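S.K.: Protein chains in written order, with our numbering: chain H, 1 to 251; chain E, 1 to 305.
Treat the hints as calculated values from the structure; they're not laboratory data.
Hints are not guaranteed to be accurate.
[Unchecked claim] To give a feel for the contact side, a few chain H residues facing chain E, derived at Cβ under 8 Å:
{"id": "1", "residue": "49"}
{"id": "2", "residue": "59"}
{"id": "3", "residue": "62"}
{"id": "4", "residue": "63"}
{"id": "5", "residue": "65"}
{"id": "6", "residue": "211"}
{"id": "7", "residue": "216"}
[Claimed, not checked] Subject to a maximum C-alpha distance of 27 Å in a straight line, what follows is the list of computed DSSO-like cross-link-like pairs (lysine-lysine):
{"id": "8", "chain 1": "E", "residue 1": "267", "chain 2": "H", "residue 2": "213"}
{"id": "9", "chain 1": "E", "residue 1": "57", "chain 2": "H", "residue 2": "75"}
{"id": "10", "chain 1": "E", "residue 1": "208", "chain 2": "H", "residue 2": "76"}
{"id": "11", "chain 1": "E", "residue 1": "156", "chain 2": "E", "residue 2": "202"}
{"id": "12", "chain 1": "E", "residue 1": "202", "chain 2": "E", "residue 2": "106"}
{"id": "13", "chain 1": "H", "residue 1": "53", "chain 2": "E", "residue 2": "57"}
{"id": "14", "chain 1": "E", "residue 1": "112", "chain 2": "H", "residue 2": "53"}
{"id": "15", "chain 1": "E", "residue 1": "267", "chain 2": "E", "residue 2": "212"}
{"id": "16", "chain 1": "E", "residue 1": "112", "chain 2": "E", "residue 2": "156"}
{"id": "17", "chain 1": "E", "residue 1": "267", "chain 2": "E", "residue 2": "202"}
A quick note: this is a predicted structure, and the numbers were derived from the prediction, not measured.
For glycine and all other residues, C-beta sits at the position ideal for the given N, C-alpha and C.
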Amino acid sequence: MNVIKFSTRFIFALSLLYLFCSCRQFALQQVEGESIAIIHPGEEDNHIAEMIKPYRDSLSVTMGEIIGVSAMEMKKGFPEGLLGNFVANLMLEMTNNQMADKVDFAFTNNGGLRSVLPQGNVSLRNIYELMPFENEIIILNMDYGQLQQLFEYIGTGQELAVSGIRLEFKNDQIITATINDMRIDPGKTYRVATIDYLANGGSGMSFLENVVKRELIGIRLRDMIIDYIKLKQSMKELISAKLDERIKINE
Amino acid sequence: MNRRDFIKYTYASGIGLAALTSVPLQLIAKQGVRKISILHTNDLHSRIDPFPMDGSKYQGLGGFAKRASLINKIRTEEEHVLLLDAGDILQGTPYFNFFQGELELKLMSEMKYDAATFGNHDFDAGIDRLSQLADIATFPFISSNYDFSSTSMDNKSINNKIFKFDGIRVGIYGLGIELDGLVPDNLYRNTVYMDPLRTALKEEEMLKTQMKCDLIICLSHLGFEYESHKISDITIGTNTNCTDLIIGGHTHSFLSEPRIVQNLQRKNCRIFQVGWGGINLGRVDFFFNAEKKKIFTLASSFTIS
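If we strip away everything but chain H, and leave its shape as in the complex, we get:
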């Protein structure tokens, strides 16, 4: 009898608990979702991981492909560097190969170039490391006022890689500026190749957003670099760059 009594009591206690839970349990469940990820964040699903593996392995082989040979190690520099000059030069050359109307000069930001190009064999991986972003080439039609803003921006010590222009600054003031070694014509609109990131105001270049006439030409900078290096390789040429005082900043 004692046992039965005890059981009854126990069941009674349990049902009370049910009621109690009906009030509190709901609130507790609100927190449930949040805590799951915090406690077990790093666990991998084996099946998904196995599906990925052959692709990752294959990619590792593909990225090892040698696409060309560099005559020298190229690094970034200020006010100019081999790497920046190399990339800006090929931007100008390749856009002019593609476009019917001449592009006058090119620029990109050193900040977007994320590694060093080694001397000797250059692999696809090197280029993906150099240019991991999906920036696309865009052609801007810039007037005299917009060019002045661009030059002032460079004069404040912002690191741009350029090709086709030469700029000399003294005490932050521009003293000479030429495009294709000719003085700038204030009445002319110049066609300029850059990347969409900058054209859309990135790296503090919000003044570029005011350039109304602009055209994406359907190629990413990274692909352009790869195409250029492969082109040189097909002609059995090494890739190279040199410093030529295209931007001079005097104290």
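Got chain H; can you put chain E on it based on the hints?
M.R.: The following block gives chain E in isolation, referenced to the frame of chain H:
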């Protein structure tokens, strides 16, 4: 107190674990409460693997295999789960450049995504490739404001879809961003972009009145908010009548919880977006009572580290 602590606590109080864990669902069923858990990603950008361990801001975060594990765990815990993506699945790592989206769509299918909408970068391999990828996917692409009828994408996406959970009807429509100026036109070809707000008003009205949906979700790749007058999720949220939740993308906005805005009916519309690259999984739980009226919502953003 989280669930684990709760269980520990009550177990320590001398109550059987089995009895306890079965209680909540029974009670919820008895009380006629329904819970729908919306899980979502945006701007995955081909980040199949976690961000590389290179000292950068997001190192080690994200990764499809880890996300799959978390989603599976939630699915075992929740009866009614929807897994959605707000576009820009593609572009951003060599996986996309070399396999053209194949792996992304295969994995998302395997992870049982329920629906996705298109982002501008999903056109990056061209519309013909997108059409092939839509065939690879076992889940539908929902897009209400792109007219693909003159392209190879014709009939490869749907304007809306209704999911039914134990009497609750969840209607989803999709909004894409204007492609002109954002995507080279040879990639999207004859895709016609239609006004997102007008489309949203039409879709939500149809889902509400004709299809009797209890919950209306907009999958959007318009972007969260702009300083200019460019149309955004905020525009949609404040100028519609009955869209309950906008799951957004494009601006890579890291929101820790949904932004609540007032719609035209002075009711709440929630707008959520969880960064990019699969760093986070968004979650919004909707609870319904027996009258099928939404009683409250819960939302969280998990960091997959």
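S.K.: Now tell me, hint by hint, if it's right for this structure.
M.R.: Cross-check of the supplied hints:
Satisfaction of the interface hint for residue 49 (chain H) is found here, the shortest Cβ-Cβ separation to chain E being roughly 4 Å, below the 8 Å cut-off. Nearest Cβ of chain E to the Cβ of residue 59 (chain H): about 6 Å, under the 8 Å cut. The hint holds. Because the closest C-beta pair between residue 62 (chain H) and chain E is about 6 Å apart, less than 8 Å, the hint holds. The interface hint given for residue 63 (chain H) holds, since its Cβ lies 6 Å from the closest Cβ of chain E, which is under the 8 Å cut-off.
Violation of the interface hint for residue 65 (chain H) is found here, the shortest Cβ-Cβ separation to chain E being roughly 11 Å, above the 8 Å cut-off. Hint status for residue 211 (chain H) relative to chain E: violated, with the closest Cβ pair at about 13 Å, above 8 Å. Here the hint on residue 216 (chain H) is kept, as its CB sits about 5 Å from the closest CB of chain E, short of 8 Å. At roughly 42 Å between alpha-carbon atoms, residue 267 (chain E) and residue 213 (chain H) are farther apart than 27 Å, so this suggested pair is violated.
Between the alpha carbons of residue 57 (chain E) and residue 75 (chain H) the distance comes to roughly 23 Å, so the proposed pair stays at or under 27 Å and holds. The suggested pairing of residue 208 (chain E) with residue 76 (chain H) is violated, with an alpha-carbon distance near 58 Å, which exceeds 27 Å. Among the hinted pairs, residue 156 (chain E) with residue 202 (chain E) is consistent with the structure: their alpha-carbon atoms are about 21 Å apart, no more than 27 Å. With a CA separation close to 32 Å, the supplied pair residue 202 (chain E) and residue 106 (chain E) exceeds the 27 Å bound.
At roughly 25 Å between alpha-carbon atoms, residue 53 (chain H) and residue 57 (chain E) fall within 27 Å of each other, so this suggested pair holds. At most 27 Å may separate the alpha-carbon atoms for a hinted pair to count; residue 112 (chain E) and residue 53 (chain H) meet this at roughly 19 Å. A hinted pair counts as satisfied when its Cα atoms are at most 27 Å apart, and residue 267 (chain E) with residue 212 (chain E) qualifies at roughly 18 Å. For the hint linking residue 112 (chain E) to residue 156 (chain E), the alpha-carbon distance of about 18 Å falls within 27 Å, and the restraint holds.
For the proposed pair residue 267 (chain E) and residue 202 (chain E), the alpha carbon gap of about 18 Å is at most 27 Å, so the pair holds.
Against the hints set out earlier in the document, violations occur for numbers 5, 6, 8, 10 and 12.
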